[in-house]
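Student: Sequence:
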Amino acid sequence: MAGAHPPDIVRRTFDFAVQIVKLAARLESHSRTARLLTSQFLNAGTSIGANLEEGQAAESRADFVHKYRIALKEAREARYWLRLFKAAGVADQEIWDGLIDEADQISRVIAQIIVNTQKSAKARHTD
146 MAGAHPPDIV
156 RRTFDFAVQI
166 VKLAARLESH
176 SRTARLLTSQ
186 FLNAGTSIGA
196 NLEEGQAAES
206 RADFVHKYRI
216 ALKEAREARY
226 WLRLFKAAGV
236 ADQEIWDGLI
246 DEADQISRVI
256 AQIIVNTQKS
266 AKARHTD
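Per my numbering, the sequence shown runs over residues 146 to 272.
Be aware that a few hints might be false.
Below, simulated DSSO-like cross-link-like pairs (lysine-lysine); rule was C-alpha separation at most 30 Å, straight line [to be verified]:
1. Lys218 x Lys267
2. Lys264 x Lys167
3. Lys218 x Lys231
4. Lys212 x Lys231
5. Lys212 x Lys167
6. Lys264 x Lys218
7. Lys212 x Lys264
8. Lys231 x Lys264
9. Lys267 x Lys231
Hints listed in this document are in silico derivations from the structure and should not be mistaken for laboratory results.
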């Protein structure tokens, strides 16, 4: 399944994960509650790209779609944590909006890849 999605999304999810790691390190200095939530946030934000990479080695189209669906769930979870931290007033407020927007965009791209992959599979079966 290698090459089945735009290379840009791989780079974007890696860059997003780097930002999440850096932010998580900063959040560790905040309240105990923020520290506890940070581990879940870190797991979600860094697993998006990891699941896309796994999808590139998928054994089948169904496996590829499965990995991408997991990545989509993780992107949505990361967005949830970003929104929660922002609403709770954790850290500098200006950092959240850009990351929330990027999580939204990543989710949309991954969702479209899933739709396109499924359409392609259906088209092959009807040919």
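Student: For the pair supplied as a hint, Lys267 and Lys231, confirm whether the alpha-carbon distance does not exceed 30 Å.
Tutor: violated (41 Å)
Student: Need the status of pair Lys264, Lys218: alpha-carbon distance at most 30 Å?
Tutor: Holds: Lys264 and Lys218 sit about 20 Å apart, inside 30 Å.
Student: So if I understand the rule, the pair passes when the alpha-carbon distance is 30 Å or less; does Lys264 with Lys167 pass?
Tutor: violated (37 Å)
Student: Hinted pair, alpha-carbon criterion (30 Å max): Lys231, Lys264. Please report holds or violated.
Tutor: Answer violated: Lys231 to Lys264 is near 37 Å, above 30 Å.
Student: Given the hinted pair Lys212 and Lys167, is their Cα-Cα distance within 30 Å?
Tutor: holds (25 Å)
Student: For Lys218 and Lys231, compute the direct alpha-carbon distance and say whether it is at most 30 Å.
Tutor: Measuring from Cα to Cα gives roughly 20 Å; hence the hint holds.
Student: For the pair we were handed, Lys212 and Lys264, check the Cα-Cα distance against 30 Å.
Tutor: holds (17 Å)
Student: Quickly compare the C-alpha distance for Lys212 and Lys231 to 30 Å and report which way the hint goes.
Tutor: With a Cα-Cα distance of about 29 Å, the restraint between Lys212 and Lys231 holds, given a limit of 30 Å.
Student: Verify the proposed pairing of Lys218 with Lys267, using a straight-line Cα cut of 30 Å.
Tutor: The hint holds at about 23 Å.
Violated hints for the displayed structure, listed by number in ascending order: 2, 8 and 9.
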